[in-house]
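Build out the structure end to end from the sequences listed, making use of the hints.
So for the sequence shown, the UniProt record's numbering puts the first residue at 1; every next one is plus one.
To be clear, the hints were calculated from the coordinates, so they are not data collected in a lab.
A hint or two may mislead.
Derived pair list, reagent style DSS-like, types lysine-lysine, alpha-carbon separation capped at 25 Å [stated by the list, open to error]:
no., residue 1, residue 2
1, 232, 212
2, 89, 130
3, 130, 93
4, 121, 73
5, 93, 68
6, 103, 121
7, 103, 130
8, 89, 103
9, 112, 68
10, 176, 103
11, 89, 121
12, 231, 212
13, 73, 89
Since the structure is predicted, the reported quantities are computational estimates derived from the model, not experimental observations.
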Amino acid sequence: MSTRTPLPTVNERDTENHTSVEGYQEPPAPPAKSGSRHSLPRCRNSVASTTEEQPHIGNYRLLKTIGKGNFAKVKLARHILTGREVAVKIIDKTQLNPTSLQKLFREVRIMKILNHPNIVKLFEVIETEKTLYLIMEYASGGEVFDYLVAHGRMKEKEARAKFRQIVSAVQYCHQKRIVHRDLKAENLLLDADMNIKIADFGFSNEFTLGSKLDTFCGSPPYAAPELFQGKKYDGPEVDVWSLGVILYTLVSGSLPFDGQNLKVCLVRGGCVYVLGFGGNFCMGLMGHTIIEATIVTCIG
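Structure, rendered in structure tokens:
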């Protein structure tokens, strides 16, 4: 039986370096326990952005920086007239190649389509010659990842409520013929009332029934086996696999696959052992989502 991949401490997690499935490398060994608390490796890279700031953009006063990336940063902002708080993603277009720009504008186009209570809303887009500003809904509760690091695994009742909201949003996307392709705890935000807000549609794409997608992207611990195997896929099934991993993470406070298990998953196409966390609802649903996605992988 496989061992759980622990959650890193707050100090350890930002040093983790996870790559996308494209150019996959086996993740580093899990960090040691800190007291009785296990840790969960963060599935993203973090680098410092430029220090240039603007006090205003449009009708918004820019406040503190709440996120950083390779060519972008996210700042908390407040509407000058209404006082409404928003998150402003500031993207340096001059640092992006044509392919990355195309991907960025696809993300914006998709976010404009989506209108669901559990998906971060895009309110406004402001573009200059060198910079793109995305004015988005601010989720003040932070990431589900950080919540799990701070509080540990969720009780089944709480996990069930959160998971219902996640599934509702993902189902809505699929009905709109949109696949997220990077569902993970870091991309699940919480608003002031602790409701789920799915964020970061950077890897999302539109899909057509009968046509296959062939871009292999996402975060390895949450990615479906077919992505590792280089197979083409319809779209929704890779999100379904990620949902199973997310549910496991909510109720256990850890990832189901460590580095060795990811390697096995890559080679064998999805050998899964689900440890006994949560009640019958969570256990049955975890097995159903992951096994169903694995069957699609094996026969499709």
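Results for each hint:
no., hint, verdict
1, 232 <-> 212, "holds (6 Å)"
2, 89 <-> 130, "holds (14 Å)"
3, 130 <-> 93, "holds (5 Å)"
4, 121 <-> 73, "holds (18 Å)"
5, 93 <-> 68, "holds (15 Å)"
6, 103 <-> 121, "holds (19 Å)"
7, 103 <-> 130, "holds (16 Å)"
8, 89 <-> 103, "holds (15 Å)"
9, 112 <-> 68, "holds (23 Å)"
10, 176 <-> 103, "holds (19 Å)"
11, 89 <-> 121, "holds (12 Å)"
12, 231 <-> 212, "holds (9 Å)"
13, 73 <-> 89, "holds (6 Å)"
Hint violations for this structure: none, all hints satisfied.
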